[in-house]
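Asks: Next come the chains, spelled out residue by residue.
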Amino acid sequence: MPEITYREAIKNAMVEEMRRDERVFLIGEDIGTYGGAFGVSAGMLEEFGPERIVETPISEDAIIGAAAGAAMVGMRPIAEMMFMDFILLALEPLVNQAAKARYMFGGKATVPMVVRMPGGSGTGAAAQHSQSLETILMHIPGIKVVAPSTPYDAKGLLVSSIRDANPICFVEHKLLYKTKGEVPDEEYSIPLGVADIKREGTDITVVASGIMVHKSLEAAETLAEEGISVEVVDPRTLRPLDVDTISKSVKKTGRLLVVHEAVKTAGWAGEVMASVSETPAWDYLDAPMRRLAGKDVPIPYNRELELAAVPQVEDIVEEIRAIVQYRY
Amino acid sequence: MRSENLNANYDNEKTEDVLKKADVLGLSKEDLIDMYKTMIQIRLFEEMADKLYALGKVHGTMHLSAGQEGVAVGTGTVMQKVDYLLNHHRGHGHFIASGADVNKMMAEFLGKETGYCKGRGGSMHIADVEANNLGANGIVGGGIHLAAGVGLAIKMMKEPRVVLVIFGDGAANQGILHESFNMSAIWDLPVVYLCENNHYGMSADVTRVSSKVPFKGRAEAHGIPGYFIDGNDVLAVHETMKEAVEHARSGKGPVFVETETYRYFGHSKSDRNLYRTKEEIQAWKEKDPIGRFETLLIEAKVLNDKAIKEIYQEMSQVIDEAVAFAENSPEPDPSEVTEWVYA
Ligand SMILES: Cc1ncc(C[n+]2csc(CCOP(=O)(O)OP(=O)(O)O)c2C)c(N)n1
Chain A
1 MPEITYREAI KNAMVEEMRR DERVFLIGED IGTYGGAFGV SAGMLEEFGP ERIVETPISE
61 DAIIGAAAGA AMVGMRPIAE MMFMDFILLA LEPLVNQAAK ARYMFGGKAT VPMVVRMPGG
121 SGTGAAAQHS QSLETILMHI PGIKVVAPST PYDAKGLLVS SIRDANPICF VEHKLLYKTK
181 GEVPDEEYSI PLGVADIKRE GTDITVVASG IMVHKSLEAA ETLAEEGISV EVVDPRTLRP
241 LDVDTISKSV KKTGRLLVVH EAVKTAGWAG EVMASVSETP AWDYLDAPMR RLAGKDVPIP
301 YNRELELAAV PQVEDIVEEI RAIVQYRY
Chain B
329 MRSENLNANY DNEKTEDVLK KADVLGLSKE DLIDMYKTMI QIRLFEEMAD KLYALGKVHG
389 TMHLSAGQEG VAVGTGTVMQ KVDYLLNHHR GHGHFIASGA DVNKMMAEFL GKETGYCKGR
449 GGSMHIADVE ANNLGANGIV GGGIHLAAGV GLAIKMMKEP RVVLVIFGDG AANQGILHES
509 FNMSAIWDLP VVYLCENNHY GMSADVTRVS SKVPFKGRAE AHGIPGYFID GNDVLAVHET
569 MKEAVEHARS GKGPVFVETE TYRYFGHSKS DRNLYRTKEE IQAWKEKDPI GRFETLLIEA
629 KVLNDKAIKE IYQEMSQVID EAVAFAENSP EPDPSEVTEW VYA
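Protein sequence lines, in the order shown, are assigned to chains A and B. Residue numbering for the first sequence follows this note's numbering, starting at 1 and increasing by one per position. Residue numbering for the second sequence follows this note's numbering, starting at 329 and increasing by one per position.
Hint data in this document are derived by calculation from the structure and do not stem from the laboratory. Since the structure is predicted, the reported quantities are computational estimates derived from the model, not experimental observations. Idealized CB from N, CA, C, for every residue including glycine. Be a bit skeptical, because a hint or two may be false.
[To be verified] Within a straight-line C-alpha distance of at most 27 Å, the following computed DSSO-like cross-link-like pairs (lysine-lysine) qualify:
| id | chain 1 | residue 1 | chain 2 | residue 2 |
| --- | --- | --- | --- | --- |
| 1 | A | 295 | B | 446 |
| 2 | A | 180 | B | 597 |
| 3 | A | 178 | B | 365 |
| 4 | A | 174 | B | 379 |
| 5 | B | 629 | B | 357 |
| 6 | A | 198 | A | 248 |
| 7 | A | 248 | A | 264 |
| 8 | B | 446 | A | 174 |
| 9 | B | 342 | B | 365 |
| 10 | B | 349 | B | 365 |
| 11 | B | 615 | B | 348 |
| 12 | A | 174 | B | 385 |
| 13 | B | 348 | B | 629 |
| 14 | B | 570 | B | 580 |
| 15 | A | 178 | B | 379 |
| 16 | B | 634 | B | 365 |
| 17 | B | 385 | A | 178 |
| 18 | B | 540 | B | 613 |
| 19 | B | 365 | B | 540 |
| 20 | A | 108 | A | 198 |
| 21 | B | 597 | A | 174 |
| 22 | B | 446 | A | 264 |
| 23 | B | 349 | B | 629 |
| 24 | B | 613 | B | 637 |
| 25 | B | 613 | B | 379 |
| 26 | B | 570 | B | 629 |
| 27 | B | 580 | B | 613 |
| 28 | B | 570 | B | 483 |
| 29 | B | 357 | B | 634 |
| 30 | A | 198 | A | 251 |
[To be verified] Over 10 Å on every C-beta distance to chain A, these chain B residues come out as not near it, computed from the model:
| id | residue |
| --- | --- |
| 31 | 345 |
| 32 | 365 |
| 33 | 387 |
| 34 | 467 |
| 35 | 485 |
| 36 | 551 |
| 37 | 606 |
| 38 | 619 |
| 39 | 627 |
| 40 | 632 |
Can you build the whole structure from these sequences, using the hints too?
Replies: Next up, the structure:
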């Protein structure tokens, strides 16, 4: 299988879906000649022209509103928020309109739209350009939240998201754009709501998404040398959450650590732990479930502070050791 | 139907006799030299920032304002210490023109503990709240969100202040501008809206993404006096801003000033300038605000080549010292990462 970057995988999904379905179009800021702030849509203007690569003014509220409006009457927009932080300017059309139309109108409307948004820290972009806001989006019935960690998942999940009949928030991590992975040439899709076991293990289950999958895999590698066998589960879709796969894994390992970059308080780790506690896996726990998350701070600018604000590989290693050593 | 072009047709008259104009504006020769110096200081700061970035000394982003010094200095010389400032990502020039300490700015740029925001904010969020500088905003239009509130507070506290909010042509297309215009108009708030129209919001040509430019018509639609002026003419900016600020300070309500200008560097660190031509950039460099002012000052015998050389030397030294200060400053302590989340 050819190796491509996460960035290319996302672009390929968009390009292929736009070739397949004329209703699909891309809307956002600087997505044409500039190719998007992170270069994801580079070259798409040349193929699809300005009618389908719709470059907008800096008007996030209107971009998401326009995507929702177009989706309600039969188009399939992919809206790009240049940074995830900017979705906050557009929560009204996303949350009050797109997410609610179907239910509020008795199941008669559909709003098939995707909002792509790069989140996360690590680039020195500071407090207003580095947030991980997935929990805010997960809290809204009617919205699905997808967060791929590899090029393969990114492409397959974006294809499914574009074909889905609901508003989807597609969370990309900035630091992943350059990462590479195998992606088949043939068409494929990955169903939403299905987790993936990224590494099998027997001593502890680590649930992580986005960039934290990679950090957890690195931690697992280190711990393997100490004889600790770590299973890494990537939910891939945060809402709907594949509680079944997670709880089966926990039942097997007897231990759970949830890792995310988003701040700890009211973060989705709490949701995972609560969900597990509602399954039979609860009775198999050999240690209290724990979570490792971003500190409860806005992301700072300085490099060292920025690193200190979110979980790093060593933090995950330490946390896992502590859980494995725990004795009731 | 969108605008075809900006159709520059300025509201200000050009006076080539710089001394006559300065006299009318109450500016002495020393004031003119100071203005020139500040413009050079901004230019050199931006060039140094670019250099430091290229040397890999900066972890983070930056947005440089070289080419826009006329707006910054023409405005900075009008504002008073009591006035509030709100601006956006491209803010270095405004801060220097308002008298900020370049040592603390450079330290912030390098993420040091001695920076204006103790290394927490960076280039895009420089603020000096004690000096009424309420901070650069990374959210395009974020400063506009706050402006009417600051204006309302000034009015409620019955203070002789104004709030100046500086934003780009890109920000002018955020819906909040209308809400803010309307609010400050109905309550006669002392808000001075200053739009730096540098033709591009990132790669977006202002005429492609705007229903009508110049934007002053949008202000006028709300009953707010609007100006559209040559931003590369520092004295014209000073003159118009003086009038605008007096209007707001006297309790007559908000005012909108739009200045046409141009940025030379790319939008931020990642910009290959694919959306504009080298020729266009060159043509604007021929209308450089510093070059134009310099020519007028030489013609008026306020400056000569020797004096100019000395000013460059003096200002380079100021910038070099700022870099040395920043580089020798301590890094923030990671154990303090959770400080200042709450008051
Ligand atoms: C709400 C929001 N949308 C988009 C961006 C990304 N962005 C940063 S600066 C910029 C262009 C702003 O253009 P303008 O307001 O004209 O200011 P200039 O950069 O020309 O100084 C964009 C799109 C942002 N920071 N905030």
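Asks: Could you run down the list of hints and mark each one as holding or not?
Replies: Structure-based check of each hint:
Straight-line distance between C-alpha atoms of residue 295 of chain A and residue 446 of chain B comes to about 18 Å, which keeps the hinted pair within the 27 Å bound. Between residue 180 of chain A and residue 597 of chain B the alpha-carbon distance is near 24 Å, which keeps this suggested pair within the 27 Å criterion. Between the alpha carbons of residue 178 of chain A and residue 365 of chain B the distance comes to roughly 44 Å, so the proposed pair goes past 27 Å and is violated. Only pairs whose Cα atoms come within 27 Å are accepted, and residue 174 of chain A paired with residue 379 of chain B is accepted, the gap being roughly 25 Å.
A hinted pair counts as satisfied when its Cα atoms are at most 27 Å apart, and residue 629 of chain B with residue 357 of chain B qualifies at roughly 10 Å. At roughly 15 Å between alpha-carbon atoms, residue 198 of chain A and residue 248 of chain A fall within 27 Å of each other, so this suggested pair holds. Proximity of residue 248 of chain A to residue 264 of chain A is assessed by CA-CA distance (about 24 Å); at most 27 Å being required, the pair is judged to hold. For the proposed pair residue 446 of chain B and residue 174 of chain A, the alpha carbon gap of about 25 Å is at most 27 Å, so the pair holds.
With a C-alpha separation of about 22 Å, the suggested pair residue 342 of chain B and residue 365 of chain B falls inside the 27 Å cut-off, and the hint holds. With a C-alpha separation of about 19 Å, the suggested pairing of residue 349 of chain B with residue 365 of chain B holds against the 27 Å cut-off. This hinted pair checks out: residue 615 of chain B and residue 348 of chain B have alpha carbons roughly 22 Å apart, not beyond 27 Å. As the CA atoms of residue 174 of chain A and residue 385 of chain B are separated by approximately 21 Å, the hinted pair is consistent with the 27 Å bound.
Simply put, residue 348 of chain B and residue 629 of chain B have alpha-carbon atoms about 13 Å apart, close enough for the 27 Å limit, and the pair holds. Of the pairs offered as hints, the one joining residue 570 of chain B and residue 580 of chain B holds, with about 14 Å between alpha carbons and a cut-off of 27 Å not exceeded. A distance of roughly 25 Å separates the Cα atoms of residue 178 of chain A and residue 379 of chain B; the hinted pair therefore holds under the 27 Å criterion. A threshold of 27 Å between alpha carbons decides the hint, and for residue 634 of chain B with residue 365 of chain B the separation of about 14 Å falls inside it, so the pair holds.
Between residue 385 of chain B and residue 178 of chain A, the direct Cα distance comes to roughly 22 Å. Compliance with the 27 Å bound is thereby established for this hinted pair. For a cut-off of 27 Å, the pair hint linking residue 540 of chain B to residue 613 of chain B stands: about 26 Å separates their Cα positions. About 36 Å separates the Cα atoms of residue 365 of chain B and residue 540 of chain B, which puts this hinted pair outside 27 Å; it is violated. Taken as a hint, the residue 108 of chain A and residue 198 of chain A pair is broken in the structure, with Cα atoms around 39 Å apart against an allowance of 27 Å.
For the given pair, residue 597 of chain B sits about 15 Å from residue 174 of chain A by alpha-carbon distance, which is consistent with the 27 Å threshold. Restraint check for residue 446 of chain B and residue 264 of chain A: satisfied, since their Cα atoms lie roughly 24 Å apart, inside the 27 Å limit. Taking the CA atoms of residue 349 of chain B and residue 629 of chain B, the gap is near 15 Å; set against the 27 Å cutoff, the hint holds. Distance restraint check for residue 613 of chain B and residue 637 of chain B: the Cα-Cα separation of roughly 20 Å lies within the 27 Å cut-off, and the hinted pair is therefore satisfied.
Distance check on the hinted pair: residue 613 of chain B and residue 379 of chain B sit about 20 Å apart at the alpha-carbon level, within 27 Å; holds. Taken as a hint, the residue 570 of chain B and residue 629 of chain B pair is honoured in the structure, with Cα atoms around 25 Å apart against an allowance of 27 Å. As the CA atoms of residue 580 of chain B and residue 613 of chain B are separated by approximately 38 Å, the hinted pair breaks the 27 Å bound. A threshold of 27 Å between alpha carbons decides the hint, and for residue 570 of chain B with residue 483 of chain B the separation of about 20 Å falls inside it, so the pair holds.
Between residue 357 of chain B and residue 634 of chain B, the direct Cα distance comes to roughly 17 Å. Compliance with the 27 Å bound is thereby established for this hinted pair. About 17 Å separates the Cα atoms of residue 198 of chain A and residue 251 of chain A, which keeps this hinted pair within 27 Å; it holds. A cut-off of 10 Å between C-beta atoms confirms that residue 345 of chain B is not in contact with chain A; the least separation is 40 Å. Under the 10 Å C-beta cut-off, the non-interface status given to residue 365 of chain B relative to chain A holds; the minimum distance is some 29 Å.
Non-interface status of residue 387 of chain B relative to chain A is broken: a Cβ of that chain comes within 10 Å, the nearest being about 4 Å off. Listed as outside the interface, residue 467 of chain B is inconsistent with that label: its C-beta sits roughly 5 Å from the nearest C-beta of chain A, within the 10 Å cut-off. The Cβ of residue 485 of chain B lies farther than 10 Å from every Cβ of chain A, with a closest approach of about 28 Å, so its non-interface assignment holds. Non-interface call for residue 551 of chain B relative to chain A: holds, since the shortest CB-CB distance, roughly 23 Å, exceeds 10 Å.
Distance to chain A confirms residue 606 of chain B as a non-interface residue, since its nearest Cβ pair spans about 15 Å, more than 10 Å. Residue-level check passed: residue 619 of chain B sits 29 Å from the nearest beta carbon of chain A, beyond 10 Å. Distance check on residue 627 of chain B: its Cβ is at least 41 Å (rounded) from any Cβ of chain A, clearing the 10 Å threshold; non-interface status holds. No Cβ of chain A comes within 10 Å of the Cβ of residue 632 of chain B; the nearest lies about 43 Å off, and the non-interface call holds.
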